[in-house]
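Visitor: With the sequences and hints as input, model every part of the structure.
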Amino acid sequence: MRVFYENWQMECCGTPFAVGDEVAWRLVAYDAEDIREGRGYGAGARVENHGGPDRETAGRVRAVELVQQEYLARTDPRALERVDRALASSQPRDAVLLPSPYSMEPVPGAHTLEAVGACPKWFESQEPGREPGPHRIRRAVGVLVALEVPDGTPPEPGDHR
Numbered sequence: 000m001r002v003f004y005e006n007w008q009m010e011c012c013g014t015p016f017a018v019g020d021e022v023a024w025r026l027v028a029y030d031a032e033d034i035r036e037g038r039g040y041g042a043g044a045r046v047e048n049h050g051g052p053d054r055e056t057a058g059r060v061r062a063v064e065l066v067q068q069e070y071l072a073r074t075d076p077r078a079l080e081r082v083d084r085a086l087a088s089s090q091p092r093d094a095v096l097l098p099s100p101y102s103m104e105p106v107p108g109a110h111t112l113e114a115v116g117a118c119p120k121w122f123e124s125q126e127p128g129r130e131p132g133p134h135r136i137r138r139a140v141g142v143l144v145a146l147e148v149p150d151g152t153p154p155e156p157g158d159h160r
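Going by numbering that gives the first Met the number 0, the sequence shown opens with residue 0, and the numbers climb by one from there.
Since the hints were made in silico from the structure, they are not lab data.
Once the Cα atoms are required to be at most 20 Å apart in a straight line, the calculated SDA-like pairs of lysine to any residue come out as: (1) K120 / E47; (2) K120 / R25; (3) K120 / L65; (4) K120 / G39; (5) K120 / F16.
Guide: See the structure below:
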């Protein structure tokens, strides 16, 4: 079965793994709407480290592919100026909350898969530039995993195996 492991799930609470490792994850199946919307990059399920089913699915990792998504990024120059001013005037212990000066939209169908031997703990991402016009950036959004499970049956939506 193919499983999508999102970058934030790994960076927050995941344990890196490699091809050949035995793993046990809480999986949530993608439903028909998720698949129509292109979620999961072709996977049938995703790893859920924050809630989800109580039961884990165990299996052996047979392949790992790094998923890089292309985004259309825009920078709000006024918001960026506010961030720059706050950084220049704040003391080391000051907390300053400001909205992000960046907006990003995934470009449909503009992703790549790269075979890798292991899942990283931290994912590299291009940061949006300072120019206001739209520009494209690439971000690693997770990994697709070929997971060999004993019975070969992926979980169905609502299946809490």
